[in-house]
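2 protein chains.
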Amino acid sequence: MERYQPPPSSQPPERFGLRMSVTASIAHNITPLTPVSFLTRAALIVPNKIALVHPERGVRFTYAQWAARILSLTFAIRNTPGWRRGERVAIIAPNTPMILEAHYAILAAGGIDTPLNIRNNEREIEYVLGHSGARLILVDEEFAHLIPKQLPSGVHVIVSRDTGGTKGVQESADAYEAFLDGGRKIWAQAEEDERKRYGPKAKKGWELLDIVENENEACALCYTSGTTGRPKGVLTSHRGSYLAAVANAFEAQLTGESVYLWVLPAFHAAGWTFPWAVTAALGTHYILRRVDNNQIWDALNHGGVTHYCGAPTVQIGLVNHPKAKKLDRVVKVAIAASAPTADLLAKMEALNLEPVHVYGQTENYGPFARRYREPSWSDLAVEERARLMARQGHGFLVVDEVRVVRRPSDDSSPATGKDERELIDVERDGKEIGEIIMRGNLAMLEYYNDADATAKTIKHGWLHTGDLAVRFPGGEVAIADRSKDIIISGGENISSLMVEQELADHADVLEVCVVARPHERWGEVGHAFVVLKEGRKGNIDKEALRAHCRSRMSKFAVPAYIDIVDELPKTSTGKVQKNVLRARLAKL
Amino acid sequence: MERYQPPPSSQPPERFGLRMSVTASIAHNITPLTPVSFLTRAALIVPNKIALVHPERGVRFTYAQWAARILSLTFAIRNTPGWRRGERVAIIAPNTPMILEAHYAILAAGGIDTPLNIRNNEREIEYVLGHSGARLILVDEEFAHLIPKQLPSGVHVIVSRDTGGTKGVQESADAYEAFLDGGRKIWAQAEEDERKRYGPKAKKGWELLDIVENENEACALCYTSGTTGRPKGVLTSHRGSYLAAVANAFEAQLTGESVYLWVLPAFHAAGWTFPWAVTAALGTHYILRRVDNNQIWDALNHGGVTHYCGAPTVQIGLVNHPKAKKLDRVVKVAIAASAPTADLLAKMEALNLEPVHVYGQTENYGPFARRYREPSWSDLAVEERARLMARQGHGFLVVDEVRVVRRPSDDSSPATGKDERELIDVERDGKEIGEIIMRGNLAMLEYYNDADATAKTIKHGWLHTGDLAVRFPGGEVAIADRSKDIIISGGENISSLMVEQELADHADVLEVCVVARPHERWGEVGHAFVVLKEGRKGNIDKEALRAHCRSRMSKFAVPAYIDIVDELPKTSTGKVQKNVLRARLAKL
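Going down the list, the protein sequences come from chains D and Y. Taking the UniProt record's numbering, the leading residue of the first sequence gets 1, the next gets one more, and so forth. Taking the UniProt record's numbering, the leading residue of the second sequence gets 1, the next gets one more, and so forth.
Among the hints, erroneous ones may be present.
Identical chains share a label here; the pair holds if one copy fits it or two copies do between them.
Under the rule of at most 30 Å between Cα atoms (straight-line distance), these lysine-lysine pairs were calculated in the DSSO-like manner [to be verified]:
hint: 1; residue 1: K537; residue 2: K347
hint: 2; residue 1: K555; residue 2: K204
hint: 3; residue 1: K49; residue 2: K332
hint: 4; residue 1: K49; residue 2: K431
hint: 5; residue 1: K456; residue 2: K347
hint: 6; residue 1: K332; residue 2: K542
hint: 7; residue 1: K201; residue 2: K456
hint: 8; residue 1: K431; residue 2: K196
hint: 9; residue 1: K431; residue 2: K204
hint: 10; residue 1: K204; residue 2: K456
hint: 11; residue 1: K431; residue 2: K325
hint: 12; residue 1: K201; residue 2: K431
hint: 13; residue 1: K203; residue 2: K456
hint: 14; residue 1: K587; residue 2: K196
hint: 15; residue 1: K203; residue 2: K431
hint: 16; residue 1: K49; residue 2: K456
hint: 17; residue 1: K587; residue 2: K347
Note that these hints are calculated values from the structure, not bench results.
Go ahead and model the full structure; you've got the sequences and the hints to work with.
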């Protein structure tokens, strides 16, 4: 890696302009909030610091080099035939320098950053490409097969070989590097034109670009991976992305010493804004193309990693890996999707991995709520800490109150009125179930080209998450269930999450998922899919698990069916695919 | 302190509404940025955490109590006869609960927070009160004498005895507590009216207030202490205050475990936004009415303090105090006005006080730039670290590029054009001197009611600081001089700051100040006022100091006059009053 030399198009010019220009219509006391600013600031302040390491390919860039590459990409994008402000640019890539670069350059070009889920199949990719109307696609060669054979005319595809130009653009025939090289030439020409016209007053580098005038303009379009139905396009703004990144940097306590490991896919809700948050803190990105526990442990043990994000399912594999060993420093881990169990929490803590349970959706820029650890917790048993940590609902810095409100008795009412008075909070008693709602700078703009879905989600000025929860006196909330995951059995509401948590508490259980199964008499009953820990098979059977449930919950909540399985189907982001399990049951 | 019971008006109601309402005209994805949100968020998330301790008076409030007091104050302020949005409310107080409470309540009421400098004399106070047009004055009884005997009709004065209601409002006759009590009654009545009209849909507590609709609206008016001329009123916005507070919380690494010691006056540039930043991080405010080294060391040794801010002159007294001892934790210290000398830096580090040199003015919400410590610095000698630390100019998170630009040859030109191209950066060579300029969200709105001064400061869309500096390749800057502190001697420009730094390097020198003195032949010459370290008098004379200067600087820069004095005149914020020294010279 010492001998890696970035290609010429990744070299910053000697006098590098490192701020975007502000048009004269903007008052002196306003700079529109856009995450692009984090990059120019980092390149100005820590030009020689490593912005990004990508060990698999032997690539790394300093912040000055990275800002040069991204400026080249910006010019290349703007040079696409017929380019207009607001164009969608699709990215189909695992975690690579390209996807992080695109998360800046598309915004800087005035486009809309549209990362696609590489776990989608060709039909889904075709749907999303069509729905977004992207006319420029940046794709990693490993996933080039996902692109439809027949593309509408006017759609351009740039294939990256993820070389970082290591072999020189010519030899490697890396079209992405050649694309950057082309952008660099346009940028150089623009500088030359400026010099001729304005002499010492010429603009240089990033000054050649104007910062977005309206910070509320859309900048990203992230499709929900949606366990059911077609993906919906979540449209978000420059301002929201900026503030979400600041909040994530603050909550994760990222600093200039931080090394962020890319375990979470950077396409997922724009990587939870971490492409921007890490750079805002002047930290370093550590790239991994795939979730590989072996490589993750190498990065943790030898790469100086201080932070990463991931679902509990990712952690389970990690803590049980042969290379797992106690780290010489605390590594902060943001965990979403569900809270770590006591067993997982204990194992993580023993390795010096410090989990923070966060909550959010693509609709709110990824995580936007958490729970703050209280000093008194350190005296508690790990089971109790896990129980407390399962609650969240404390809005991040910059986030408004996270509310839980009563669902109107007639849920089909449009409720699109503007008066927020119509939304009535549940009691903060840890019992009354309602829906989590939020609003403000970390709420999406809308579902792109889907007024119906938008109207169902934005009601009375608040974004309705669809997640059901109870609220506690300190304002924290505990998810009772995603609304569609409630099992209604003989008129009783069963929280499948509660049943899952109780089963997961069993010493022999590794993972569990409970879904509703149609039932003639009860309407629905619970069906549990259980993965046992390594070497525990044969030690325990369904009946023992059922007895465990009976000792922990009301009789009606005990799953009528329990299957011991080898693994659970999961999305690319580690969420269990309940829809796949439901489909399996529907076939019975 | 255990037995302190806050008065009834400081008790939160059982079901406390802890968000401000958002009017229906504001989109679901926007919450206007205002620092008031930090308070309601803290009271929601950590209701029982200590928000504020004030040991001298045995007072402390939890965040829920504090939010109740501040809501009471807000209603009381809005109840002032003839109250209108945009009214200025003056505060004349040392660091007390009242001034911190006012920094929230005035904003929440839609007023303009106008803290006055308690070191001003009666004439200056009268000028500022008249200029601001404040019709409500909150004053601490210790400084009530500063208020003019004859006030215009319609001006209301509320005198605080800083009791926190300890003895009950009736007994203590604390008019400020009675004012809060009145506000609480209005708030209670408003809740009652809501309940009657709306039943379960009634608004409660903070929900009774609407959040500011336009975040760019003015919210604070802080007068510069100005070493020369009349104070100017710096008008700042909700948005700027919010973002500055976020930036300060991030840069200082404030967290929920932080205890911030109020050494810096809370009236000075609204306490550098720390009244908001500490609460944004869910930390605790530790109040001291005055800068008393004995009390500061008690707070450091026994109060769990983690952060404070202050000028180097404050630190000098502190490190040399008999109670000074190495702390068992690192305390972060933001130092402004000038950089710590090597001697001071070494002493601070030995005590576990970790200084960060920050730079800013009232015009940019206090500090907005710093320098990031680099890992390699730990290997350097303390002299070298002090030299590196003296540079700053790295804009905080949320701050645009801090520039140094060539001054136009004809400095009297209006230069109010809008084209920023007219501003040409100096070379980043550490040599070329220019003026520090900045723009964006941390630039003031304007000088209140002073279009001329505003036009001289806001030029080509950038705020001109008046400070002269050189810039280095890494973007960092070193102050060459406040422009008015340049000594022009025989056609040579002498940086008085440079001369001061060289003199301060002498082992026997405690503090030094150099000003220009009129001179028949040379136009101006330097005159140094030197304070020697305890017990060093008699060890050294003027000639030895002059010899030291000659060994360090060009002959023309060696001060023509050197006086050894007992102390230097200082402003309340610890800045040396060069104007007082100049006046002393003028009398010669």
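We went through each hint and held it up to the structure:
1. K537 - K347: within (21 Å within a copy, 64 Å between copies)
2. K555 - K204: neither (71 Å within a copy, 40 Å between copies)
3. K49 - K332: both (22 Å within a copy, 24 Å between copies)
4. K49 - K431: Between. Shortest inter-copy distance 24 Å satisfies the 30 Å Cα cut-off; intra-copy 51 Å does not.
5. K456 - K347: neither (41 Å within a copy, 62 Å between copies)
6. K332 - K542: neither (37 Å within a copy, 57 Å between copies)
7. K201 - K456: Classified as between; 22 Å across copies, 52 Å inside a copy.
8. K431 - K196: between (71 Å within a copy, 27 Å between copies)
9. K431 - K204: between (60 Å within a copy, 22 Å between copies)
10. K204 - K456: This pair counts as between: shortest inter-copy Cα distance 27 Å, intra-copy 47 Å.
11. K431 - K325: neither (40 Å within a copy, 51 Å between copies)
12. K201 - K431: between (66 Å within a copy, 20 Å between copies)
13. K203 - K456: between (47 Å within a copy, 25 Å between copies)
14. K587 - K196: Neither. Shortest intra-copy (72 Å) and inter-copy (56 Å) distances fail the 30 Å Cα cut-off.
15. K203 - K431: between (61 Å within a copy, 22 Å between copies)
16. K49 - K456: The answer is neither: 46 Å in one copy and 38 Å across copies each exceed 30 Å.
17. K587 - K347: neither (38 Å within a copy, 76 Å between copies)
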